[in-house]
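Visitor: Below, each chain spelled out in residue letters.
There are 4 protein chains.
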Amino acid sequence: MMKPATERLRIGVVGLGRLGKRHAENLAYRVRGATLAAACSPLEAELAWARDALPEPRLYADYADLLADPQLDAVWLVTPSSLHAQQIVDALRAGKHVFCEKPLSLDVAECERVLAEAVRYPHLQATIGFMRRFDPSYRDAFDKIAAGQIGRPFLVRSQTTDKNDNDGFFVRFAATSGGIFLDCTVHDIDVARWLLGKPRATRVFAAGTIALHEGLREFGDVDNGVAICEFEGGKLAMFYASRTQAHGNDTHSEVVGTAGALTIGRNPRANRVEIYDATGIRNECTPNFFDRFEDAFLHEARAFVASVQNAPGKGDAAQSGATLADALEATRIGVALRESLQSGEAVTL
Amino acid sequence: MMKPATERLRIGVVGLGRLGKRHAENLAYRVRGATLAAACSPLEAELAWARDALPEPRLYADYADLLADPQLDAVWLVTPSSLHAQQIVDALRAGKHVFCEKPLSLDVAECERVLAEAVRYPHLQATIGFMRRFDPSYRDAFDKIAAGQIGRPFLVRSQTTDKNDNDGFFVRFAATSGGIFLDCTVHDIDVARWLLGKPRATRVFAAGTIALHEGLREFGDVDNGVAICEFEGGKLAMFYASRTQAHGNDTHSEVVGTAGALTIGRNPRANRVEIYDATGIRNECTPNFFDRFEDAFLHEARAFVASVQNAPGKGDAAQSGATLADALEATRIGVALRESLQSGEAVTL
Amino acid sequence: MMKPATERLRIGVVGLGRLGKRHAENLAYRVRGATLAAACSPLEAELAWARDALPEPRLYADYADLLADPQLDAVWLVTPSSLHAQQIVDALRAGKHVFCEKPLSLDVAECERVLAEAVRYPHLQATIGFMRRFDPSYRDAFDKIAAGQIGRPFLVRSQTTDKNDNDGFFVRFAATSGGIFLDCTVHDIDVARWLLGKPRATRVFAAGTIALHEGLREFGDVDNGVAICEFEGGKLAMFYASRTQAHGNDTHSEVVGTAGALTIGRNPRANRVEIYDATGIRNECTPNFFDRFEDAFLHEARAFVASVQNAPGKGDAAQSGATLADALEATRIGVALRESLQSGEAVTL
Amino acid sequence: MMKPATERLRIGVVGLGRLGKRHAENLAYRVRGATLAAACSPLEAELAWARDALPEPRLYADYADLLADPQLDAVWLVTPSSLHAQQIVDALRAGKHVFCEKPLSLDVAECERVLAEAVRYPHLQATIGFMRRFDPSYRDAFDKIAAGQIGRPFLVRSQTTDKNDNDGFFVRFAATSGGIFLDCTVHDIDVARWLLGKPRATRVFAAGTIALHEGLREFGDVDNGVAICEFEGGKLAMFYASRTQAHGNDTHSEVVGTAGALTIGRNPRANRVEIYDATGIRNECTPNFFDRFEDAFLHEARAFVASVQNAPGKGDAAQSGATLADALEATRIGVALRESLQSGEAVTL
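Chains as they are written, first to last, in full-length UniProt numbering: chain A, 1 to 349; chain B, 1 to 349; chain C, 1 to 349; chain D, 1 to 349.
Where hints are given, some of them may not hold.
Because identical chains cannot be distinguished in the list, a pair is counted as satisfied if it fits within a single copy or across any two copies.
[Stated by the list, open to error] Simulated pairs of lysine to any residue, SDA-like, Cα-Cα distance not exceeding 25 Å: (1) 102 to 197; (2) 163 to 152; (3) 163 to 71; (4) 198 to 213; (5) 21 to 298; (6) 163 to 19; (7) 163 to 283; (8) 21 to 294.
Worth flagging that the hints you see were computed from the coordinates, not collected in a lab.
Next comes chain A alone, as it looks inside the complex:
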């Protein structure tokens, strides 16, 4: 049932790149309790898109002006990672709930500063966009585990592997990406913590190699990385990240419990078609995360809006998305993985 306009959450989206446009459209048209009331971008072309494609949001070129808009309840940050931390703090100070794309920050200390500030605004919700939690298949797995279907879960194996990009975008991006573990594996870290009941990580080890992209070497980065993460209570995770897959974006996870196991996405099928020809029987694969997680971005937005509306004043406690604390842990573990990769030693957390 659609809410009357006066009861809807009024949201301003900030950043209108490819992913920002998707979020904006979802919020404008597909999230019942929300109104996309404003949009912000420093780029005129993006604002022009907003004028055409969105239902008359107020447009801002400057984030501070958007924050000053008294007709906004929440901001939706789809901005460069390096801006996230300060923009979140600014939003909270302006009295806005905040959704921010991952990562919170690549720097643990900066993450901690945001958390220290956020604690002053317990009535506001702040969520970091680990969208995988809202993919229907990941959600189904989570629910099955919660229902006890695999007994006690104790091991997660999870991977984020991209189709090889000969253009090497991520090589040029390597200086600021934080490296493969902070850029890719951070999703698997969040998945592992989420599916294992948020245990505390105690030790990690990582290794990696450059299979194809020698340009990464100067940044201390790799195009294929593997890692083990030990958690308290005898829980474990194994991670694999790659930039060089031939078959597509292959994001999948497995949870092993004492009475069974679940896999999510083990064959990254593009769709329901199978092709029979002289090479055998095959399915094509999801080309990239953007297509793979199309539904997840939508469900994530709906969940954020619902949790703000259904549990006003409860802040993070009400939400199913990743809290700032979750995001801090993901960064903390990701940084430790990078440190282990570089030192060759296990890193104790």
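Starting from the known structure of chain A, fit chains B, C and D onto it as the hints suggest.
Guide: Chains B, C and D alone, transformed into the frame defined by chain A:
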């Protein structure tokens, strides 16, 4: 890019049952070139839903009043099957494009009367909602065939099988459903014609059995039916329809060509989760057509609107959906299957 | 446990072509209760092979001489189809148990003559080699059905489809093969009867097309055929046979029951390898029936020997393989399918 | 083609437990170039079995007596692990080729002593039974890699996981098994080295947990273990071993290369049957390694015999099985994994 409101196709939806609501929401929020301008239902509860859930459509209790609305370009019929034929004719006479849920009619002569009338309105488009054509996987298969990936297609095997419903809704529905072939297989017939290049059917044979639902016997219906359809040019189709599957709604199709084959939906996976336990490794299955084809209904609506807007005045020639002529053929073949089931003889068309 | 030589079944194999060699080796080395005591072939090269590869069997160039060997308990016929019927009769008259490769005969009357003769030798066992019954997966399905896992089985869908052979061996073979239904579908017919509890067939309909091999036309044969078979008690079967598959030999079957269904070999995987590359994820397929059913031929031989030894004097009643009566029914149905293909009419049995 | 008896390799099998019996039967009946000429066991029951089931081998209760048999070319050791090293040395000193079940030894120094001795017998072949190399699917993957189908392989992920055994045989076995990595992962180590071109391992890290079997704690062992192994040249391996799977023995491996990847056994299907019921669509799983690798044991025996016969005097250089050097490396890496598990530190090799 969103169209200015003045260029959008103004649509009135007629019938607001479960499927009507879905169509209405798609048209209201997810089809860029469309405005859901009106809605019609004889039931006050459905109109109340429309007031809440839709963006202020004009509401009508009577179909004639909706047709008289000059601010409508098209009508969208999600009404009982027995009304379709006359409502389509009325819409065309009122100068409206028309989308109508399948079937056109269960009666061949009635189908032919609608076609005879429609030929007088060549500038109006009339589409019957065989939504399977718009499922992304079926569409991918169609495109691969068109690109020659399996050589010349000559055989389709296709099935529509429902999860067993102990409540026996379809038993009560048997008096008016037209029987299993006209109710279920009609989709497979359309798929076969569509994937094989619309060849003319020449002969059919059908057989069936009652596996569980004895109540069907008085209607001459069965709960499991099989059929063969021969087309001109040596093309063939095999069909299976069932009301009694244990595992879910299992709608799948296969196309065999001279250089390969394609299957669509061979394993009707509910999602990307696999469950490992003492019984083996399994996936759950799609529970019903409504969930299975959620995307298809949306793409179908987008395609209708796009074809009206991009090819004004070209009528059926412009469309990717099923034309009235396609719907007539589906009914003609379905009726022949029923006749064969009852006579035990092959039926020549 | 190996039997003392004196208790073993002494077998003479007749025909040492590719399949005959396989049977001979299985009987010689892998069937505990058997001794391969003799071999017969009119070809010196095949006898030379026997001298090298087998453990000193007595060798015969002439079948009559082998039948006269008093030190033989059973004969194993792997000879041209046209010889089967008379050779079986001769074996029974000579007091030998007999295993014979399928088919019993392509002619119903000839099948009936063999049965009429066999009834005079109730203490001798005669089995026709429908090896699919002994494939471990088909056997597992049979056992699960017998245990009630799918409720009451009422529909079998089964196919025998070969990888396309551009050399067209089967075209040259068309004059004597009996056509695609008697050559290929006969296996599916036996599978359907076996899995459905041996119901009596009541009516069939068949259709077919020539997709690639025009040379078949003069023989009234097709390279792709489809069929429906109705059995008493509301049981049904659908068959598909093809000579033109691109991906391999794809022999698979499905059994639908009132509480579930089973498929056997739905993806004809060559082995356990999956290949991930730019075309997607794929498995290679079984190239031909000879490789696909390697195990089945062995288990078939073991079952024959065990049934003769464990149930002496009980004749066909003791066996798990196809009896002469089963083989007669398979031929009767196959002939009816061919007749339907040619007449375009349903054929009542 | 069968070899004349005088040219066959005369083999004596030592140890006639469950696996010994399988080896003995394979050698006796299914390996063309071999004669099972002798068998040795200290247990009268096992010798009685040999008298019944094998073709008249000479029987010995004492290994020294068997070694003294001048009519033997090779010995086949299926004895307790702790005896392997000395028995291999004794066999070589007696001038016999030797096949020995894995492991060579759980102790690196002892492995090295065997290698030091073996170097004195370059004309004799010594193979350790890592049978996974001879599984047809693993072999197919190896051949595809050798043919360049996945580019340069750089990462192996491999697991050996057993169905949970509530009886806890492996708990009682823990005192002498060497722990989960030396008992189970040693197979994956050999697979990784074999598929990656035998690179030298440089560093390992391992972690583990007790999910169910607390009795392992006193032995410093775990029932689930994970590990990373780095090799020279930027090659990597990840391992998983488990004693507690619900679904079956799930032995599978993946090889990632610069142009594609291969998986072997990703779904450990028991056979070709799929079951459709109210829980979804499922396949049953291989129950244990003994069934899973039935074919591998046979091919392993054939390969050993062929390599001795085809390349006399070339010793290890001729063989496709694991050499003593391979076995030493597997033990060296396995011991390092155990050390890492216990210390929590990465171990440099």
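Visitor: Now tell me, hint by hint, if it's right for this structure.
Guide: Each hint, compared with the structure:
no.: 1; hint: 102 to 197; in the structure: within (20 Å within a copy, 40 Å between copies)
no.: 2; hint: 163 to 152; in the structure: between (34 Å within a copy, 17 Å between copies)
no.: 3; hint: 163 to 71; in the structure: neither (42 Å within a copy, 49 Å between copies)
no.: 4; hint: 198 to 213; in the structure: between (35 Å within a copy, 24 Å between copies)
no.: 5; hint: 21 to 298; in the structure: both (12 Å within a copy, 20 Å between copies)
no.: 6; hint: 163 to 19; in the structure: within (19 Å within a copy, 39 Å between copies)
no.: 7; hint: 163 to 283; in the structure: both (15 Å within a copy, 20 Å between copies)
no.: 8; hint: 21 to 294; in the structure: both (12 Å within a copy, 23 Å between copies)
Hint 3 from the earlier list is the only one contradicted by this structure; the remaining hints agree with it.
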